[in-house]
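*Asks:* Residue-level listing of the chains:
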Amino acid sequence: MYQLAARLFPICRSITGKGTRETLEIIKEILPMLHIENVASGTEVFDWTIPNEWNVFEAYIEDESGKRIIDFKDNNLYVMGYSSPVDRFVNLEELKKYVYTQEDQPDVIPYVTTYYKKRFGFCMEKNRLDGLRDGIYHMVVKSELKPGYLTYGELVISGETEEEIFLSTYICHPSMANNELSGPCVAVQLAKWLMGFEKRRYTYRIIFIPETIGSITYLSKNIDKLKKNVVAGFNLSCVGDDRTYSYVASRYGNTLADKIAVNVLRFHYPQYKSYTFLDRGSDERQYCAPGIDLPLCAICRSKYGDYPEYHTSADNLELISPNGLQGAYEVYKKCITALEYNRNYMVQCLCEPQLGKRGLYPDISKKGTYGEIQNITNFIAYADGQNDLIDISNITNISIEKLIPIVIKLLQEGLIAEK
Amino acid sequence: MYQLAARLFPICRSITGKGTRETLEIIKEILPMLHIENVASGTEVFDWTIPNEWNVFEAYIEDESGKRIIDFKDNNLYVMGYSSPVDRFVNLEELKKYVYTQEDQPDVIPYVTTYYKKRFGFCMEKNRLDGLRDGIYHMVVKSELKPGYLTYGELVISGETEEEIFLSTYICHPSMANNELSGPCVAVQLAKWLMGFEKRRYTYRIIFIPETIGSITYLSKNIDKLKKNVVAGFNLSCVGDDRTYSYVASRYGNTLADKIAVNVLRFHYPQYKSYTFLDRGSDERQYCAPGIDLPLCAICRSKYGDYPEYHTSADNLELISPNGLQGAYEVYKKCITALEYNRNYMVQCLCEPQLGKRGLYPDISKKGTYGEIQNITNFIAYADGQNDLIDISNITNISIEKLIPIVIKLLQEGLIAEK
Amino acid sequence: MYQLAARLFPICRSITGKGTRETLEIIKEILPMLHIENVASGTEVFDWTIPNEWNVFEAYIEDESGKRIIDFKDNNLYVMGYSSPVDRFVNLEELKKYVYTQEDQPDVIPYVTTYYKKRFGFCMEKNRLDGLRDGIYHMVVKSELKPGYLTYGELVISGETEEEIFLSTYICHPSMANNELSGPCVAVQLAKWLMGFEKRRYTYRIIFIPETIGSITYLSKNIDKLKKNVVAGFNLSCVGDDRTYSYVASRYGNTLADKIAVNVLRFHYPQYKSYTFLDRGSDERQYCAPGIDLPLCAICRSKYGDYPEYHTSADNLELISPNGLQGAYEVYKKCITALEYNRNYMVQCLCEPQLGKRGLYPDISKKGTYGEIQNITNFIAYADGQNDLIDISNITNISIEKLIPIVIKLLQEGLIAEK
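Chains as they are written, first to last, in my numbering: chain A, 128 to 546; chain B, 128 to 546; chain C, 128 to 546.
Derived by calculation from the structure, the hints in this document are not laboratory data. Any given hint might turn out to be false.
Note that identical chains are pooled: a pair holds if it fits in a single copy or bridges any two copies.
[Stated by the list, open to error] With a Cα cut of at most 20 Å, we get these calculated SDA-like pairs of lysine to any residue:
1) Lys484 <-> Leu272
2) Lys269 <-> Phe394
3) Lys244 <-> Tyr488
4) Lys223 <-> Asp511
5) Lys348 <-> Gln475
6) Lys253 <-> Leu272
7) Lys493 <-> Asp406
8) Lys493 <-> Ser168
9) Lys460 <-> Asn521
10) Lys400 <-> Asp214
11) Lys494 <-> Glu252
12) Lys253 <-> Gly169
13) Lys355 <-> Asn182
14) Lys355 <-> Lys400
15) Lys245 <-> Lys269
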């Protein structure tokens, strides 16, 4: 995962343009079944319109001596996203009108965009800008803003039922790592893992889209199907560092996705940070909008907006780590495994079954005996037709990982059955 | 408001009698539309009977030298409410049988009544009574207890709908200020404010009644109409001092009145005191009784029964203040304004609307941008048809005052509509 | 109660056998209406089969000198429950294979059983076993394991309705006192108390059974009747010491039995220990199993599994006390009394009734008057048809003991009626 992130890092992505397509092509190398879709500029998608396609060829600021102060080749954050072309000589005072800095973090390049308003601009470390001497500067952006396409990728891994688990991640951020190359990298790894199984209960739909306009576009084309089939979904974003785990709830925090996320995190990393929908900021804004109402939430490592490097050049390959990506991957695997086993199991006899005759209960009863097999008896006690596996895990304080072998054993013995 | 309180203060009010009528006439000077109603003694009202009308002409205790120890002219609390007439010479020991004091507050005159049992009596500062020397005292109460009327005032300010906001306050307390001249004074001011609007969504019904027997009388005559029309009501009592704010819940704390009161107080004065229905003591006892079940609660400043001056001569014009009255008035205005705007608003597009093209979203997106317009997006996220405006305020932690301009703007843009 | 416990203590009880029958015969002396039932070994009861009957005649370990190291006559815990017969000479090393000790409590004899697996064995104080010298030991168990009966007792005290309160306790433990002679002793006392009333609203069914296999047997024969009639039940176990009170919830803690137990304990012993169904361990395991679902919980003193003497010889007559038994008895009496009075009472007039004319309200009204009769007015306020007596107690914070006289008075006055 980390290697993929490193390979994708230098590419200049935005909500449209060649960088996005190049990124999708690399992902398609790994996941050949990935379907790549292009939607034309000007297409109306709900309340929005797909903007023109933006591409940058060259961009820099030179001083009088011809020395390049900043250069798009060094870091694509130096150019404001969707900057119009410019080729102009200005004095320092004038220059500063077009250069954005992060006041409270003077050593980083901020990430700034102007998707829906035509203007040109640069971003730069505040300390560097402050250090510039009076003089004439040459501002150059060789970019193109013209009708083209918004591009996204979609992968469907079919299962035994049409019911779907929906995973969404985004490929519109330029050179930043936690937000956002971690999401696509973990999504690719999950796809590989899912395809490794002979069969799956659920169908899995994984999409790689530009944020906001991409999810709105995707929803406008697929909403009926998604509302019919999706039983749980996750927005994969900021899953690369290793400082914490975070949970971002759906609108009311009451979907199956929320239920499984909270259960898995509670056992995996009990001190995880819990955010309500008021703290949202990624594509759950669209997926959980009124009328859309997909059962989707997010599990992050350090969440967008809530770590200092967010949306700056400091969100780089040093911020994320193989361990950080792996941890997020493991948590999502646990969520998916739990969903695959999540049924309403029902005990098949009245009163407690005699576990002893099935070798599940010690044949000597002494102080403490009952405690040893408590996980089994507690599972059985709540396998009463009112609870799914997640409910039983929550009630009994036994992780789903520990419950699954019990489920398998009791199914074999005929002591429980799916309701 | 304070001036009105000062003007009304000296009048001897009780649950019936000339003082009550005089009080209502003064209110009618300010609110000429006030309708004054008289209900005859002996009328049966639910489980109760309207008592005889009581009027006092003179009352005092004189010592042997003819010096008046206490005189009704100085403070009408010196006579027990509903005291029978008496004209008797007694020694000190005998006198003490008829004089009520507040043991734990020796410098105040307590407020004592005997509405439903015929007896005579006086009230007095304990220290003064203890200071009396042996001797002969002359007890005189020239009062009259005979068939008459229970009198109350009613003001209806009509609105666009028959649905009503119901405000009740009481005019049966003699010379006490927080409990109770503050209630009628704030009610008068709210009436003037409400009449100043060109139109109102709700019809407003404001009644000025004697406590307990008055609300029972009013309910016995109007219960069907009230149950049909009242959507929220408030009992205005103890709204004059400036020590705190209090909330007294309805029977289950779950009416629209409770919901708005709790919401407004939470933003206005978060450290407000919250009382359950177990702490009730004013006319919510009747309005929220089983079978009556009006959606009514109370917002007070220092609540009856819970401040030391309560029901004594220390609850005087120094205890209340223009600021205290104004604060309560403002809170009730906020409640009413919120109720007028409280609808179930529903967003009119799928996914988030594009606020940028409507000038509601900054056209440059950088770190923190999303936070700036969060109040709007959070309102929209929960304008999903499940929530009224108060719900959205509670969920999003945005006061209704801040939400109203957003509602107005979004209605103008056609982005939301009433459900 | 304590005397009965002392009389029953030495008898060697198990899930079957003569000791159990002897115990039931002694209880029948006190409760002649007790019906004793025998169910044959081999009978299938749900997932279980009634085992052979076990009886012990003699059991000991002798050393070479013929000195009895342990003797069943001294304490019946020395023999493992359901031990097969043995008569064998062994060296110390071999002996230790058959002797069970409690590692962390070296001075007690542990209570160990082998109901469903044929083996022989002894139990012993660890310190004593460690002190034995090398040599030849003679292990003797003269016991019999052959088809016989599982025996239980049942007492039905009929009431005005067929609705039942169900009490279950067990008589399968050998010489231990809190767990379990306390349960049968308190149950006997409750039966005597209940029979002392002229009439009872509910029918009372009290059973004395062996734990687990006994309740499963009883349920397999009576489940339809119990599900139809039982409105609340309690499992009486560990009700003899005086260290604390405990509550063990039903599967979801939401039955009438739970409701009354929590209410009574809250007023009687607010610092009681509260256990969920995850902490169960006695016959609530069967009564509250899925599909059985009897509305039953348990109130204990020190709960099984949660006191150091549990299932050892230290759970003896010194651990329990007359006071401990009496406290549990009183709590169960309170629960039963509350259940007998627990109805949905409904106030019969609109607005508050005039309590004064019925002598229930002081005829002088002064500061604090209202507080004095608050228990009455609070009861009336919530006698609105939505609450039973327990609900009103919970809402108003008035114990049911204090509410019952109010209920009686208001029924007499015709101010409330059963809904």
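*Asks:* Checked against the structure, which of the hints given earlier come out wrong?
*Replies:* 2, 4, 6, 8, 10, 12, 13, 14
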